[in-house]
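Chains as they are written, first to last, in the numbering used here: chain P, 1 to 420; chain W, 1 to 150.
Keep in mind that a hint or two might mislead.
[Said to hold, decoys possible] Straight-line Cα separation of at most 27 angstroms, DSSO-like style, residue types lysine-lysine; simulated pairs:
1) P:K417 / W:K141
2) W:K31 / W:K112
3) P:K417 / W:K55
4) P:K410 / W:K121
Treat the hints as calculated values from the structure; they're not laboratory data.
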Amino acid sequence: MKAVQEISSPPSRRRMFDLARIRGDFPLLARKVHGKPLVYFDNGATSQKPRSVIEVLNRYYSEENSNIHRGVHYLSERATAAYEAAREKIRRFVNARRGQEIIFVRGTTEAINLVAQSYGRASLKAGDEIVISAMEHHSNIVPWQMLREQVGARLRVIPINHDGELVLEEYRRLLNERTKLVSVTHISNALGTIAPVKEIVKLAHEQGAAVLLDGAQAVPHMKVDVQEIGCDFYAFSGHKMFGPTGIGILYGRAELLDEMPPYQGGGDMISVVTFEKTHYNVLPYKFEAGTPHIAGGIGLGAAVDYLDGLDWARLAAHEHDLLTYATQALSNIEGLRIIGTAREKAGVISFVFDHVHAHDVGTILDQEGVAVRAGHHCAMPVMQRFGVPATTRASFAFYNTREEIDVLVKAIHRALKVFG
Amino acid sequence: MSELDELYQEVILDHNKSPRNFRTIENADRKAEGYNPLCGDHVTVYLNLQDGVIKDISFQGSGCAISKASASLMTAELKGKTAAQAQKLFDDVHRMLTGEANGEGGAKDIGKLAILSGVCKFPARVKCASLAWHTVNSALKGVAEVATTE
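This is chain W alone, in the form it adopts within the complex (with noise of 0.2 angstroms):
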């Protein structure tokens, strides 16, 4: 596969042109904004927690392909999940953009979310993938400025 199929495979093309829970959450108990002032992506991420498990997540803005896909994906991966759960989860995945999980190990305990890896040979699109994960992270920290890739 070249690298342009990696980047934009089928998955991520499928959650371009219909991303899941792209919608608000009316009375959201955590909502975060996120920018990318590069590039003018913007995307708003909701929460539901109860008990410290997100019960409902769900994000509305406008971007590329890549950020739209990755926060579509992103949204599905962490309902059910605790907080802490979803605070490793970034983590990973941070890793796996930025090139630092290649090899083994590395990628295998974040299932879907390894689609996104092809992104790590494309430098200038990890801030695109990356942006929907800062604010989330930003949501649940309670953080209330906008979240920035930079």
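Only chain P is shown next, with the shape it has when bound in the complex (with noise of 0.2 angstroms):
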């Protein structure tokens, strides 16, 4: 895994990387399923929450619910006050500019249906293209089929090689002067890939082609800053990084956002609005129509606290430590293949055996307490591209420990007695 810069954390908080404190954060890494302690290994599908995010999503609903940015009474502002502050939050944990380049959305599939379609459909003509990659989740390739049909763009697929990787000459090769957009995930979720992020930017912008990324994999486990990066649009989920479902963020530099037209009518997103004309707010709120998710927002303010009070460069070491013992581990077990082997890689394990079906591994070591997951990971392409119907998937967080890989392993060679 790349290096992972420390960030500022508030100078009161001392960081800490003490894993059974850690542990002891997440409530519900302490029950038992089927009778066995719990071996959570499915954070690539949702991360579990600290005490931190759930106690203040109480509170939120116990003492201060109200809607946001139009009540003059007490609670009202308290609520709008709390809301802001966790998007200023978000703002510096992924170093934007500027708390207007924050949209809160539902999740990463909606920022990047907010960007094919607002972005998209204002900028694209026909015979422009998009390009994407091998690697992409379903919600990375399905808003840009959309927008080809309603536009008449290409879409362009940058292949990957055989560990996983994308093949940089190719995209070098795919680029050219009808490129508008290339929209490429930070990692991938079915196969751990770290894509070369800034190289990608770089050369999208040479041909004058904005950059989105899916960054729903990557901010959970490495230190994003999107000015370093270069990116004009980032989009993440709040549930993968310690946060409540049902929010997310799309970050945009202000410059585009400020071109882009609405994605949503309705409340909130309006200054003044008459049955002739309606002017639109200023930036965030013209992309915020309607009462959003303030709870969320709130909570994915206290998860980035979370976040802030931890020491990232031990944090990453210990990530890389669980890649490392875990990769080990499971090569050692006859017949085992991993998918994806990328150089610079995550925590995220997907495997696949030749007689014993994924999801029959993943009923087995359930019935261990071993929480994975087992199918296509909403990335069919990639699962065509390696020949394979499915794999197992182990996607570890900071507050998984190497006793935990033992576990798994123990009931990997479980199913594999059963299926002789």
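The two chains are supplied separately, each in an independent frame; assemble them into the complex guided by the hints.
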């Protein structure tokens, strides 16, 4: 995994990385499943939540619940301040220049759809090209296919090699004066590959194309600095970074967002409405029609606070250790093949057996208390690329341990025993 | 027997390893494809009907042990049955898989297929076991589109 820079955190809080204490912060990790201690290795699907996030949600609904940006009363002002404070925390977390560049959405999927339908429909015309990659999640494929139908654009795909790495020479070849948008994942959910995003952005910008990065799998694992990467848009989900479901972020450069038409119409996104004409609100509200997921936004702010309190250099070293340890342990299992062996890789291990299907492995692991994902991981083109119908995927978070990987290995042996 | 042992019984493991009627039928009267979008399991069922009776039936595809064994058991059971009998069996099997047939009576008419009763304890796997049945159902009805478990 890439070296991770330390992030700035409030000086009053000491950064820590004490694994036992961290695990104690996540109430769900203490539970049992089928009578066995839970081993939660499905972090790529969603992460568990620290107590501080759960308590903030509870407190919001118990003590502060009110609508934002409109009430003159005390509670509304409190809720508005908390929601906007969360936006500022998230701005700092990804190092955006301005708070107005942080748009609250439902999740990564909505963020990508927003860019496709607002930026895409306004800027792309017939014959223009959109570049994606062969390791995208369906949420970074389908919105572009929809846009393709709407404007007559063309979809080009950067291939991946046998290790699951983007073939950059092919990417260079795909770029041309018709390329208007490049949309790729920062970290592949199915393979764990970390894409060389700075290089991707640089090459796209040389051609005058805008770049969107799907950061859903990246923000929980590495320090993301949108200015350093230089991308135009960056999309991520709250629930994969230890925050609530139903809330996510679209970061966009203000110059682009300013020019873009609204995505949805409604309350909060307007300044003046008459039946003749509506004046849209300023950023970020232009893109935030309707009452948002207020508790979710505040909860995501609490998740950022929690992450700010961790020592990210040690967190990254620990996750890298888990990946190395698990890769070694799983490679020793006869017949097991790891899908996704990129040099730059996050804590994700997808694997297959020739004679045991991923679903059967998943069911047997579950009986041992080990939660993994089995299937195509919403990345069917990746499965097709590797000629497998499905994989079993173990995806780690910083609260996982080597001992849990030992349990996984034992459970896999049990599955192999069942299938002789 | 643990729930897991009940799911992966010897017979099921055997049908997974050496599925019966795992082949195509050239010039089949009926052919239908089934697909489980959740997991990518895919099955094609081939049929030859004569005077309303299933003379030959086979399947091809890829999937987990449960879906493969279920398809294999199904083909063995349906050979020689009429379309109406197959339909009744489909309903019975479906009730068994979803747990509606628990207790008395439910599973007694379905013969060897009762081996799949362990599936109802694993809700996430019900669709694996029912995929081939949905597919044969569309083959018998002559439905042109791909059957799904959704």
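Status of the hints after comparison with the structure:
| no. | hint | result |
| --- | --- | --- |
| 1 | P:K417 / W:K141 | 41 angstroms, violated |
| 2 | W:K31 / W:K112 | 24 angstroms, holds |
| 3 | P:K417 / W:K55 | 38 angstroms, violated |
| 4 | P:K410 / W:K121 | 23 angstroms, holds |
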